[in-house]
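The listed protein sequences derive, respectively, from chains A and B. Residues 1 to 456, numbered by our numbering, are exactly what the first sequence covers, in order. Residues 1 to 456, numbered by our numbering, are exactly what the second sequence covers, in order.
FYI, nobody ran anything at the bench for these hints, they're computed from the structure. Where hints are given, some of them may not hold.
No distinction is drawn between identical chains; accordingly, a pair holds when it is met within one copy or between any pair of copies.
Result set (DMTMM-like, lysine to aspartate or glutamate): computed pairs, CA atoms no more than 25 angstroms apart in a straight line [claimed, not checked]:
1) K47 x E429
2) K340 x E266
3) K27 x D168
4) K369 x D386
There are 2 protein chains.
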Amino acid sequence: MKIRLLSFLALLSAYTVTAQDSLTFRKISNEIMMHSTCYENLRVLCKTVGNRISGSPAAAKAVEWGNKAMKEAGPDRVWLQPADVPYWYRGKESLYLTLDGGAYQKVTMTSLGNSEGTGGKVINAPVIMVRDFDEFNALPESAVRGKVVFFNYRFRQDFIFTFNGYGDAVKYRGGSPSAAAKKGAVAVIIRSMSTGEDDFPHTGGTHYKDSIKKIPAMALGNKTADKLEAACKSGKRIMAKLSSECHMMPDMVRSYNVIGEIKGTEHPERIITVGGHLDSWDIGEGAQDDGAGCVQSIEIIRAFKALGLKPKCTIRAVLFMNEENGQKGGQAYADSAKSKNEHHILAIETDAGGFSPRGIGFEMGQAQKDQILKFKDLWQPYGILDFSHDEGGSDIDPMRTKLGVPLAGLLPDCQRYFDIHHTGNDIFENVNHRELKLGAVVLAQLIWTVSEQGLN
Amino acid sequence: MKIRLLSFLALLSAYTVTAQDSLTFRKISNEIMMHSTCYENLRVLCKTVGNRISGSPAAAKAVEWGNKAMKEAGPDRVWLQPADVPYWYRGKESLYLTLDGGAYQKVTMTSLGNSEGTGGKVINAPVIMVRDFDEFNALPESAVRGKVVFFNYRFRQDFIFTFNGYGDAVKYRGGSPSAAAKKGAVAVIIRSMSTGEDDFPHTGGTHYKDSIKKIPAMALGNKTADKLEAACKSGKRIMAKLSSECHMMPDMVRSYNVIGEIKGTEHPERIITVGGHLDSWDIGEGAQDDGAGCVQSIEIIRAFKALGLKPKCTIRAVLFMNEENGQKGGQAYADSAKSKNEHHILAIETDAGGFSPRGIGFEMGQAQKDQILKFKDLWQPYGILDFSHDEGGSDIDPMRTKLGVPLAGLLPDCQRYFDIHHTGNDIFENVNHRELKLGAVVLAQLIWTVSEQGLN
């Protein structure tokens, strides 16, 4: 009987969505679509800081920018949270191929992030091409030893949700150097994880297995990869000549997450986090990945303050450091939350680009999801119709694993992302101002719903 | 009893969506996402023909291009359907403003389509600014006579569905010249119908009322409009000096719709039409508006042929001529259908850009809509979740008004469209290959569903 009464009370206290919520959604949208500073913030980040790999002087400058931009948004408190991060340095790099079987031609390329270089030497060796790991695994060691292995795996354009295509292809970026080195290869070239019909090479983190020699790893854009594929198929002996100064710096570098907070009025101890990552790879401007997520997170604070919306729960916007090659910022945030015994009710990540938002993904129990989805119909006018994806994010994942916090992620349209992700073409000009702002609208609405009703 | 039996039979004959339909959806998608020629077709149209206003030599070249591209797609039959179209000619045009109250500065502008010019003269007159028609209507004639009226109405960024913002603002493009001329104004300048945070001026059709003097009408991009607004607000007397050779040519020009057809296997007399428009305004490359719709329509034919899909009904891909300033192609198509007593079961338009598709709009009865929506769940994996809009299109609208044909329209994401619509920035580079192809996928799937089950 007691249990029944409690269930009954729980039902009574359940939040009911009202017309007022719909009006608040509209208020948030109007404020951001008409008065947002996020697009201008992104311009400043991209054009005055530029790319900002963890540990670099540019990353330090980005922290300063973030600190200033966050303060301008007007939260109750801004602070820097320390995180020690790796610093991978690219330096000079080059790749020459005998694409027609004759003279060496310099080609456009990028070393994979975390790659080791050639240690001041030039590697000069024949190229062998494999379509995938199956083909590679079938090769005898004698066919691989002393060679440069070209992993010519294509990003599958038949996946409509391009993150599935990325998930399928990215194992070649992470796994091919150690796989090749194990059989005695001297370097690896991969076809980029790219949907692009262009020649931008894509960097992104590779990983070496501890006991295996760290050989250089480079990526080609699709057009150059097509040429190398044709050359290899011609039957001629194709040679590569490559050098690179890439290396991981010996010491970790002190860096920071930038955090802005609005204190909750009714439940200040309940915390809702939203964040993107401040670091980027060291080419392009880190505009979609993930300057967009940073300025959207800051924008939520600005919009709440501008509207005089006083959330019941505490809201934190976090610019995480070191998502790309270490996730040290995300770990530091979760570790701090754990050591302080903080009560986080939801963590949200925006790291899939500032494209037109289409949905919200969840990594939480169905009961929690159902509480948020009470507001589903209110999102219809904003084009937010897709709640079918499981979605968290690498920076907030430690909050889930270490503290069991429910996660959510903004789900923007994904068709263009892997054209520009991790390339020199990830620049401010490739972000649309309305798409960027609309993402911030949806994040702010999501935070409002959870702050109002809680999440149990 | 007889009636009941008929109802029962109707139920029995009602189409049931099967796993085979889901497989066909996937086949269509894989074929187009991996082997489509539509992106390359668009490149050729944009880069070798370029913009192509109705009646111009470029439009004639576009018909040749369309005829060739349609034939290459492999339909059973290709033909050109005559339509006599107006030919509006821009020629030289210029606008100088005393933006700081002193010297004249040349500004970036575009005359509105169909605008008359200055007849070899230079108009030199003071500028008065109004926010909207309400403010304009309140002005006495004496305040307007001899002036250049600047209609400074802003595209409302608070509309999430940007076509609503366009619908709200476009009356200034169509209606301001005659409204201003009626009170004795000598020319009109408008703020472009633009969501852009840039300075691209947008052309697009204006309309003169018959009995009223046709005065020149020009549009400014948002940045220049901001400057003129600030100048007008400064209280200084702002002067404009403008000239333009714009005029409508005296004679109509013989032009054509390009039509490709696959004959239906079971119901060849039932016709499904899909089309975009081949003409464009005379600036930019008409890439999103509406090269995209043309190459998508052609792609449907190519994909059906490549897959060996034999539709039960006849499918026609139509490249309509003269959507932008006359709709003569759309009218000719409907007139021909009517005179031949053709049985059209559905007409579909794709003229909202080649952006990531999000839904399908309908202009048909609920019972018909319900038949198509049987396939709703099959579209989920393709991100097609929005069936809430009423959507037809100007080229197919005569099919509805003259023959009562049900209409549908592809609904792509609309956030970027009014940044580039009718501008010099509507170029091939601003179309994404995956987004373009995905639109063709959805159109082909829609046609397949209707061809399989009919539409009663």
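We went through each hint and held it up to the structure:
no.	hint	in the structure
1	K47 x E429	both (10 angstroms within a copy, 22 angstroms between copies)
2	K340 x E266	within (20 angstroms within a copy, 72 angstroms between copies)
3	K27 x D168	between (41 angstroms within a copy, 20 angstroms between copies)
4	K369 x D386	both (13 angstroms within a copy, 21 angstroms between copies)
Of the numbered hints given earlier, the model fails none.
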